[in-house]
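> Work out the full structure, taking the sequences as your base and the hints as a guide.
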Amino acid sequence: MSQREEILSKVRAAIAPNGNHDERRKNLRTAAIAKADGIIPKLPESKKAIQARFEERAVKADATVVFSKPREVANNIAKYLREHNLPSAIRTGDDKRLKTLLRGYESLLEISHGRTYGDDMVGVSHALGGVAETGTLFMESGKDNPTTLNFLPETHIVVINADDIETSYENLLEKLRDKYGAGEMPRVLNMITGPSRSADIEQTLILGAHGPLRLHIIIVRK
Amino acid sequence: MVEITSPEFKANARLAMGDGQLQQALGHVRTNFINKRAEAKANLDEFDELRDSATAIKDHVLEHLDLYLEKYEEKVIASGGHVHWAATADDACKQILDICRSVGAKSVTKGKSMISEEIALNDALSAAGIEPVETDLGEYIIQLRGEHPSHIIAPAVHLNMDQVRDDFIKHHTHLPADRPLNEPETLLREARAILREKFLNADVGITGANFLIAETGTSVIVTNEGNGDLTQTLPKIHIVIASIEKIVPTLEDMSQIVRVLARSATGQDMSVYTTLSTGPRREDDPDGPEEYHVVLLDNGRSSMLGTEFQDMLRCIRCGACMNHCPVYHAIGGHAYGWVYPGPMGAVLSPSLIGVDKAGHLPNASTFCGRCEDVCPMHIPLPKMMRHWREREFEKHLSPMTQRASIRGWAWVAKRPFLYRMMASASARFLWLLGGVNHRIKSLPFAWGWTRHRDMPAPEGSTFMSQWRERQARDAGDL
Amino acid sequence: MSNSMPKNPRVALFVTCLVDLFRPSVGFASVKLLEDAGCDLDVPMCQTCCGQPAWNSGDRADTRDLAEAVIRNFEDYDYIVAPSGSCAGMLKKHYPEVFKGDELWESRVERFSEKVYELTSFLVDVMKVEKVDAVLKADITYHDSCAGLRELGIQEQPRKLVSSIKGVTMTEMKNSDVCCGFGGTFAVKYSEISNSIVTTKTGHIKETSAKMLLAGDLGCLLNMAGKLRRENSNIEVRHVAEVLAGMVDNAPIGQRTPKGGGR
Numbered sequence: 001m002s003q004r005e006e007i008l009s010k011v012r013a014a015i016a017p018n019g020n021h022d023e024r025r026k027n028l029r030t031a032a033i034a035k036a037d038g039i040i041p042k043l044p045e046s047k048k049a050i051q052a053r054f055e056e057r058a059v060k061a062d063a064t065v066v067f068s069k070p071r072e073v074a075n076n077i078a079k080y081l082r083e084h085n086l087p088s089a090i091r092t093g094d095d096k097r098l099k100t101l102l103r104g105y106e107s108l109l110e111i112s113h114g115r116t117y118g119d120d121m122v123g124v125s126h127a128l129g130g131v132a133e134t135g136t137l138f139m140e141s142g143k144d145n146p147t148t149l150n151f152l153p154e155t156h157i158v159v160i161n162a163d164d165i166e167t168s169y170e171n172l173l174e175k176l177r178d179k180y181g182a183g184e185m186p187r188v189l190n191m192i193t194g195p196s197r198s199a200d201i202e203q204t205l206i207l208g209a210h211g212p213l214r215l216h217i218i219i220v221r222k
Numbered sequence: 001m002v003e004i005t006s007p008e009f010k011a012n013a014r015l016a017m018g019d020g021q022l023q024q025a026l027g028h029v030r031t032n033f034i035n036k037r038a039e040a041k042a043n044l045d046e047f048d049e050l051r052d053s054a055t056a057i058k059d060h061v062l063e064h065l066d067l068y069l070e071k072y073e074e075k076v077i078a079s080g081g082h083v084h085w086a087a088t089a090d091d092a093c094k095q096i097l098d099i100c101r102s103v104g105a106k107s108v109t110k111g112k113s114m115i116s117e118e119i120a121l122n123d124a125l126s127a128a129g130i131e132p133v134e135t136d137l138g139e140y141i142i143q144l145r146g147e148h149p150s151h152i153i154a155p156a157v158h159l160n161m162d163q164v165r166d167d168f169i170k171h172h173t174h175l176p177a178d179r180p181l182n183e184p185e186t187l188l189r190e191a192r193a194i195l196r197e198k199f200l201n202a203d204v205g206i207t208g209a210n211f212l213i214a215e216t217g218t219s220v221i222v223t224n225e226g227n228g229d230l231t232q233t234l235p236k237i238h239i240v241i242a243s244i245e246k247i248v249p250t251l252e253d254m255s256q257i258v259r260v261l262a263r264s265a266t267g268q269d270m271s272v273y274t275t276l277s278t279g280p281r282r283e284d285d286p287d288g289p290e291e292y293h294v295v296l297l298d299n300g301r302s303s304m305l306g307t308e309f310q311d312m313l314r315c316i317r318c319g320a321c322m323n324h325c326p327v328y329h330a331i332g333g334h335a336y337g338w339v340y341p342g343p344m345g346a347v348l349s350p351s352l353i354g355v356d357k358a359g360h361l362p363n364a365s366t367f368c369g370r371c372e373d374v375c376p377m378h379i380p381l382p383k384m385m386r387h388w389r390e391r392e393f394e395k396h397l398s399p400m401t402q403r404a405s406i407r408g409w410a411w412v413a414k415r416p417f418l419y420r421m422m423a424s425a426s427a428r429f430l431w432l433l434g435g436v437n438h439r440i441k442s443l444p445f446a447w448g449w450t451r452h453r454d455m456p457a458p459e460g461s462t463f464m465s466q467w468r469e470r471q472a473r474d475a476g477d478l
Numbered sequence: 001m002s003n004s005m006p007k008n009p010r011v012a013l014f015v016t017c018l019v020d021l022f023r024p025s026v027g028f029a030s031v032k033l034l035e036d037a038g039c040d041l042d043v044p045m046c047q048t049c050c051g052q053p054a055w056n057s058g059d060r061a062d063t064r065d066l067a068e069a070v071i072r073n074f075e076d077y078d079y080i081v082a083p084s085g086s087c088a089g090m091l092k093k094h095y096p097e098v099f100k101g102d103e104l105w106e107s108r109v110e111r112f113s114e115k116v117y118e119l120t121s122f123l124v125d126v127m128k129v130e131k132v133d134a135v136l137k138a139d140i141t142y143h144d145s146c147a148g149l150r151e152l153g154i155q156e157q158p159r160k161l162v163s164s165i166k167g168v169t170m171t172e173m174k175n176s177d178v179c180c181g182f183g184g185t186f187a188v189k190y191s192e193i194s195n196s197i198v199t200t201k202t203g204h205i206k207e208t209s210a211k212m213l214l215a216g217d218l219g220c221l222l223n224m225a226g227k228l229r230r231e232n233s234n235i236e237v238r239h240v241a242e243v244l245a246g247m248v249d250n251a252p253i254g255q256r257t258p259k260g261g262g263r
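Protein chains in written order, with the working numbering: chain A, 1 to 222; chain B, 1 to 478; chain C, 1 to 263.
Derived from the structure by calculation, the hints contain no laboratory data. Keep in mind that this is a model prediction, so the values were computed, not measured. Beta carbons are placed, not taken as given, at the ideal position from N, Cα and C, and that holds for glycine. All clues stand as given, with none of them false.
Far from chain A, by Cβ distances over 10 angstroms, these chain B residues were calculated:
(1) G20
(2) L432
(3) W467
Calculated pairs, DSS-like style, for lysine-lysine (alpha carbon to alpha carbon, straight line, at most 27 angstroms):
(4) K41(B) with K42(A)
(5) K189(C) with K441(B)
(6) K189(C) with K10(B)
(7) K10(A) with K357(B)
(8) K357(B) with K189(C)
(9) K100(C) with K414(B)
(10) K94(B) with K10(A)
(11) K10(A) with K383(B)
(12) K206(C) with K36(B)
(13) K93(C) with K414(B)
(14) K60(A) with K36(B)
(15) K41(B) with K35(A)
(16) K93(C) with K383(B)
(17) K211(C) with K441(B)
(18) K36(B) with K42(A)
Chain A is nowhere near these chain B residues, computed Cβ spacing over 10 angstroms in every case:
(19) P7
(20) G104
(21) K106
(22) G354
The following block contains the structure:
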């Protein structure tokens, strides 16, 4: 007997020795059931309140947040880099939204494209969306926003559309399902809440463990 | 196999309580985690409802575990990943070694995983000539020291900064010995720089999983440092090692449980990185592993299903039980003598290594119930510790004297007349011993008690005899 | 029960084996408090122990025998009250577990367990006692015994009654809801760990300005009093019932009789 069969038959013998497995299969939870059963923390529902809550929670998680008009995004990135004494070179993927926002600002920002191998100081990504409940960003993997940009550079700047900020994880997961199809996922979905940190030495919280030291979020509002 | 010292629990505990440095370090557990959890709970009105919801989800999963495992496997394969089933720790190590050897791996980076500790993966890798590199800061520190975690989410919580500095100076010999290393921050920066090289050069990355999602074939890790993400993103191969009960049905079910996980653990509303991984690198992916493997470990869990210990399989390893445990606060994690410390370990360890070896653990509890009170998954930890005591009693594993005294006492307690006579005699005897100060400084048959504290003396005669006298008196008055 | 409660319910006092042996005055204080509250009180003479030491040692068979005897002796009363959260918890929360799966007993145990209360919660929640008549000039701190707190939700009730004593000030200690390290046989089997826990507890007690420590469980009280005495502290230790009943002329737990016998 393979180990697979060994384990599955032991499990079956323990929980459903005489079970009709086709009947049992009908009880399995689907996303619809899970969604209907789930407890979703109550949040204010106006767009403005949701965005304000996202900002508040992201800041609580030690990110910095700025609201920006689309045409100000490049300036806001440049300003942030200046304020932190960082070079104006940024690394991004192929995200079309970012390309549009940054087009024409080549004199302000030195932009290179593609994944990073660890030698870029600043990564700039575009988020799929954000969750107001905890100030969490949803980032998809792929050539538009390579996962390495989320983790290797010391500074991570994330651009997000104000309209993509939802109250709950569930709302964004639904969006993901619409985009990829039921049961399908991007290779990686990073849910990011603040910059990396560790409290492993005497419970002293220090930002910037193995991932970014700084997470700056630019919320684009038209 | 990780060395098991659980049978020497009492001696371990004695050493731990006499270790001033350890006691100082434990001070952080006694306050920080507790206050932060309380604050997080207070800030979420729905916290208790979410605990109920999370509990119901896991109960449902356990009742349908076979079906969800099949569904999960199917989805992993469909996304291009591989699933390996491991009945025992040795099977899991062997499967992981085979995968590592398939690419001639020399170096393996690792995200924090208690399952890896459980199966003693580092020993297996080292024996095969493959360098395992722990990348979680706490795990890295204890790996340098040749130790094991003393806490399931804060592995180096037993250490202080000076010890970490000494270890870094001792092991990072390529750096000047007189460099300034007197802040947690400088220590972290040094570890970051050293581990960054390791990340970039590793052939294989191994992580655990907080959840396995059946709907999508996704594995989930929940971390703060970002080391797990670098571990799984940079090398050619990503191996996930997870036990079978980590399954949840859907993305939404994961969201429910995630809401109570970090709040119960560190008191964060959400950990920094919740990473959902599904299969290997795709066609136009610029990064990510070329191969994605999941090793599904049983190692005794299927034997807990359908028994009085099934509820333990709801555990999400948040550590709240040990953070709130007065026994853990007194002795720390290493005294428990195996991988899992604290209340959850007191229930789980006997299942995994045998109650003959871990028998002390479920006994070393005051049953104060604080662990169950804070458990986000409503696991009745004291009740299950009692079940272990029942098994020990049935199997005559409890110490002879203890067994005899309980049985003897019960024999008397079942005979009220005899009991009252003996109680009266004891009350009188102990009262005499107490003298005018009403306290006893030393009692040979309660040595454990009087070694550390006085035994307050009884008042002289029992309540029942005084009550009977009063009744007789009242009747006489009538 | 509550909607059909008789005005003077027939209440059986479950004395508990520790009170019987070590501190009968807690029993008499309980009798006074219950009678003052209007209960028709009785003390069944066949009682010994609830069986908790056997239960927590994994000895199911002896526990069951002892539990059956308790139920037989007490089930005909309107209420069963114990001056101990731990023993009341055993009768109320654990007995159903002891008889689980036994159809002959399950509903009988359920009816019995519903009627079981710890003393202070019975006075406040069932008898609706708002205050007691006692007068005592004392600075008091209160330890929440674990079983009462977490199995029965007792926290406010004793504080409410103690605060109603004329002359009393309540000073909360740090972590009053954390275990004192007693744990029944734990205190003897793992005496060193127990000692470490109770040392932390007495530290918190001594950090307050209180001169008197109260709790609702004699096991915890013996442990904390024993430790305070060993540490040469003169903080007076008493069961909450003694103070509520105004019966404080006797010697505090593990101490000499106060000069003059009282105040």
